[in-house]
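From first to last, the protein sequence lines stand for chains A and B.
Residue numbers for the first sequence, in the numbering used here: 2 to 163.
Residue numbers for the second sequence, in the numbering used here: 2 to 163.
If you are wondering where the hints come from, they were derived from the structure by calculation, not from laboratory data.
Being a predicted model, the structure only gives us computed values, none of them experimental.
Positions of the beta carbon are idealized from the N, C-alpha and C atoms, including for glycine.
Do not rely on the hints blindly, as some may be mistaken.
To be verified - One side only, chain B facing chain A, incomplete, derived with CB under 7 Å:
1) A30
2) L31
3) A68
4) Q70
5) P73
6) G138
7) T139
8) V156
Number of protein chains: 2
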Amino acid sequence: MEIRGATKADRDAVWNIFHEIVASGDTYALDPKMSRKEALAYWFRSDMHTYAAEKDGRVVGTYILKANQPAPGSHVANAAFMVALDAQCAGVGRGMAEHCLSEARRLGFRAIQFNFVVSTNTAAIHLWKQLGFEIVGTLPGAFRHPENGYVDVYVMFRSLLP
Amino acid sequence: MEIRGATKADRDAVWNIFHEIVASGDTYALDPKMSRKEALAYWFRSDMHTYAAEKDGRVVGTYILKANQPAPGSHVANAAFMVALDAQCAGVGRGMAEHCLSEARRLGFRAIQFNFVVSTNTAAIHLWKQLGFEIVGTLPGAFRHPENGYVDVYVMFRSLLP
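Bound-form chain A, shown alone (with noise of 0.2 Å):
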């Protein structure tokens, strides 16, 4: 698997995948209606670092990088990531996590934090916990889950100080 900067040549690529997570409604707080020109504008914003992950030439994943705050809480980065369903569970996510902490330290940040884990997301919990994520945060039924109505939501934090 290489991970690399996406381009505009990725767009539609990221566009299928994004829309297939999104759609399903049970991870992210985006609206499962967003549109191939609001997801691409959201997912590939300047201020963002957009990344591919590529596996036997076919885009399988894709990440985002990014200040959490800006100015004075701008040191702790904020990640989002994605991976195409039927690449799950073949390591993607956890090759993308791998990369994403090495991108972080790189670019100078001294800790990630994830804002909005679904508790019902349990194997990404699980990668994130294997990583050295810790749980900082419970948020009481911050998610409308398509089957389990309110579940909480955590916040997820890691230093990357040595």
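Given the structure of chain A, go ahead and fit chain B onto it with the hints provided.
Only chain B this time, still in chain A's reference frame:
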């Protein structure tokens, strides 16, 4: 004190308050050098409600209220408050906060979340606790305070359900 929707006529007053609060750099993760144009675009965004608190014919405080997340997270509100430095400790913040709780209920939100309460902002934290907010998360060193260096930040949450 009257609290009402802010209008274009309040822009100068809002900018004066916004600027002195943000320039002090000790409570908001916003660029202390944010321009008037950027500040007003941020504070009067079309998807938010913006309010002004008036006392003796003068705007002494302002707050915003909006959904904290899109779509499956949009039942939780987010709010931010600013009080003119020379009007602090006179109940303006409390008055706006009570107004905000009532507005959030009226708009159908199920809860309010503050994403980024700087731990050294003890007066605000005291007020939020009195109004029923709880610290549900702690972000280690997530704010670079101009005097104290890296300080913790709290996520605070209050249910609006009966």
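Against the structure, the hints come out as follows:
1. A30: Result: holds, 3 Å to nearest chain A Cβ.
2. L31: Holds, about 6 Å.
3. A68: 9 Å, violated
4. Q70: Hint holds; Q70/B Cβ to chain A Cβ min 4 Å, cut 7 Å.
5. P73: 5 Å, holds
6. G138: 2 Å, holds
7. T139: Where the cut-off is 7 Å and the nearest Cβ of chain A is about 6 Å from T139/B, the hint holds.
8. V156: 5 Å, holds
In summary, the structure is inconsistent with hint 3 from the numbered list given earlier, while agreeing with all the others.
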